[in-house]
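Got chain W sorted already, so can you dock chain R onto it with the hints?
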Amino acid sequence: MKNLICFELRKIFSKRLTQAALAAVLLLSAFLAFSTYQNKYASDGVGREGTGRDAVEIEKAVAAKYSGILTDEGVQRMLSELVPKSGENGLNAIYIFQNTLQSAVSARFADAQGNWNGLRVADVFGDAAVKIGYVDGWLSTSRNMTRVSAVFAIFVIVMLAPVFCGEYGGVDYLILSSKYGRTRCAAAKVIAGILAALSTAAVVLAVNFLAAFAFYGGEGLDCSILFAQLTALEGSVPFNITCGTLLAYQAVLTVTCAIGTAGVTLVLSAACENQNVALAASATVYALPILFPIPETGVKLLPLALFPAYHAQFVALMSAGRISGALLYAVWAVPAATALAATGGAVSRGIFARRQVS
Amino acid sequence: MELRTAGLTKQYGSKTAVKRLNVTLTNGVYGLLGANGAGKTTLMRLLCTVQRPTRGEITLDGQNIWRLGERYRELLGYLPQHFGYYPDFTALDFLLYIAALKGIDGKWAEGRSRELLEEVGLSGECRHRIKTFSGGMKQRLGIAQAMLNNPSILILDEPTTGLDPKERVRFRNLISAFSKDRIVILSTHIVSDIAFIAERVMMMKAGEIILLGRPDELTSQINGRVWECSVPTSRAERYAAFLNVSNLRNEENGNTVLRVISEQPPVAGAVRAQPNLEDLFLYYCKEESKP
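Quick note, the sequences are listed as chains W and R, same order. Read left to right, the first sequence gives residues 4 to 361 (the working numbering). Read left to right, the second sequence gives residues 65 to 355 (the working numbering).
The shape of chain W in the complex, shown without the other chains (with noise of 0.2 angstroms):
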């Protein structure tokens, strides 16, 4: 059996396309990691400024000053310390960017002018400690894991599509009536296919994590999401989870998409004659979720789990809602991307198990 999936994975791995969109998809985290970083911009609002490495070290010089629990005298030293009081032409001080701490406190403390709305912290985080620092790239490396992990959606497809109906152009012949064609093969491929979606699936995030530590550094994982400038995505996940925590999920939520996908894939693998009607009807059931309305709050958004583009597309599912402390919901899309995968490795084993040539 071992040697059967030793076999399978090296078909799977050797053919060109899968090569090709693997390298494109490394490619894209490396480009998205590099561009984002070389894109940081960062005042402190009192003379320095700079872009790439400089903004970082800005960002960070800036958090330093204030890091710890967020505390209303720590909002009142911030508001007068790092927000303008006017900007140019009279913009509104919420939508002036100078440093990420800086958009963070102006977004939720201060007026149109920047000064104290008359908020405290505790009208707008309650009653949770929300540790503040330097989260700004650990949050820019979860949005662009998000962009990542559609495309990686997408490479298990093209992986996977042809390993059923690849071997339809005549080693079917062969392999069904071998002694083991039917049985273990079949149970080999499906093997194989799932730990091709995972070990790439560990590539992948191994390459954008180690970006993100090249990059921005091990700062900031104890830190909460909360408290993070206007424009970052992580602001519609309403809980009070650490970088760390919210990219673990994002880690999970990447396997699960990988393992999710490839369970629907190796069913229309089985099931079609051609690897490029597998290709498409794998891409179409994969992507046709997102394009249905979806509840917007609340456990109504759990059967969101149950589909794999939802994973990838972790906000949604982030925001379904919480059991307790850091575990939320999103962690039923574990068993509903196993469910998915044993469902679809089972009913795949068994079209190829009862085919016929033709």
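Derived by calculation from the structure, the hints in this document are not laboratory data. Treat the hints with care, since some could be wrong.
Capping the alpha-carbon separation at 20 angstroms, the derived lysine to aspartate or glutamate pairs in EDC-like fashion look like this [said to hold, decoys possible]:
1. K5(W) to E134(R)
2. K68(W) to E52(W)
3. K5(W) to E174(R)
4. K18(W) to D157(R)
5. K244(R) to E134(R)
6. K5(W) to D157(R)
7. K134(W) to D225(W)
8. K202(R) to E182(R)
9. K5(W) to D169(R)
10. K244(R) to E138(R)
11. K63(W) to E276(W)
12. K202(R) to D157(R)
13. K195(R) to D169(R)
14. K195(R) to D152(R)
15. K18(W) to D152(R)
16. K134(W) to D114(W)
17. K134(W) to E76(W)
Incomplete in silico selection of chain R near chain W, CB under 7 angstroms [stated by the list, open to error]:
18. R119
19. L140
20. P144
21. G148
22. D152
23. G167
24. F260
25. R299
26. Y303
27. V321
Backbone N, C-alpha and C fix where the C-beta goes; we use that ideal spot for every residue, glycine too.
This is chain R only, laid out in the frame that chain W set:
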């Protein structure tokens, strides 16, 4: 060992490819003859469990082969008429993969693969990728994979297609040496291959087996119906148009010798000839063999 079909039928829509076939095969080499569309390939696919019969069953020593499953396929070697391969695999890797599918142990599989590559004349190319192989080389690789598990039932569909004469001789010797105490079924349009190695010949027509027996027994059925006659070369084509001609041979004297299958002497002066399998094929498949 006894492989038996009982009422075996395979239909594709309204077309019946194999029709209520009842045949019992025991150890030996069977040559399967028949015109295109006679049902040979379908019969072989049914015997190899890559297709299910519409009706009827195939049994091995009394047990249904579909119920035997892995236990039947363990005994089986199959070379399809057209088969796929992995272009980036080397010949040795391909055989090792097929060996894994056949449940052959790793070390023994490598030894057996190398031995077979030697036997089919591919040992020098065992590390070459299959995409660099010619059609004949791929065919030889196909023959090797079919024999990997020392099958007790070996089914070869057009095995000599694409092989040059030297390779055909090598193949015939290989099968002859291999066939002891096994059931070997091979179909080919090259009747001479069957004449050399088949102990028994099965002839199919319109999905049915119309003849089964030893080659000499079968050819003796048309004794007195094969004639040779010499006609002027200029008129040979006109004769060929209405006679069942199995061969034309030009001679230096401006005449052509026609080999004709006919109940009566086709022309004055025709002499009887010893029938062979090709004559037998043309005798029974006259209509199908006409262009």
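We went through each hint and held it up to the structure:
1. K5(W) to E134(R): Cα-Cα ~18 angstroms, so holds.
2. K68(W) to E52(W): Between K68(W) and E52(W) the Cα gap is close to 17 angstroms, so the pair holds against 20 angstroms.
3. K5(W) to E174(R): Holds: K5(W) and E174(R) sit about 16 angstroms apart, inside 20 angstroms.
4. K18(W) to D157(R): Cα-Cα ~16 angstroms, so holds.
5. K244(R) to E134(R): Violated: K244(R) and E134(R) sit about 23 angstroms apart, past 20 angstroms.
6. K5(W) to D157(R): holds (15 angstroms)
7. K134(W) to D225(W): holds (8 angstroms)
8. K202(R) to E182(R): This hinted pair holds, its Cα atoms lying about 14 angstroms apart.
9. K5(W) to D169(R): Judged against 20 angstroms, a Cα distance of about 12 angstroms means the pair holds.
10. K244(R) to E138(R): holds (18 angstroms)
11. K63(W) to E276(W): violated (56 angstroms)
12. K202(R) to D157(R): Measuring from Cα to Cα gives roughly 14 angstroms; hence the hint holds.
13. K195(R) to D169(R): Between K195(R) and D169(R) the Cα gap is close to 27 angstroms, so the pair fails against 20 angstroms, i.e. violated.
14. K195(R) to D152(R): holds (7 angstroms)
15. K18(W) to D152(R): The given pair, whose Cα atoms are some 9 angstroms apart, holds under the 20 angstroms limit.
16. K134(W) to D114(W): Violated, at about 23 angstroms.
17. K134(W) to E76(W): holds (14 angstroms)
18. R119: This interface hint is violated because 15 angstroms lies over the 7 angstroms limit.
19. L140: Where the cut-off is 7 angstroms and the nearest Cβ of chain W is about 6 angstroms from L140(R), the hint holds.
20. P144: holds (4 angstroms)
21. G148: This interface hint holds because 3 angstroms falls under the 7 angstroms limit.
22. D152: holds (5 angstroms)
23. G167: Holds: closest Cβ of chain W sits about 5 angstroms from G167(R), inside 7 angstroms.
24. F260: The hint is violated - F260(R) has no Cβ within 7 angstroms of chain W, the shortest such distance being about 26 angstroms.
25. R299: violated (47 angstroms)
26. Y303: violated (43 angstroms)
27. V321: violated (43 angstroms)
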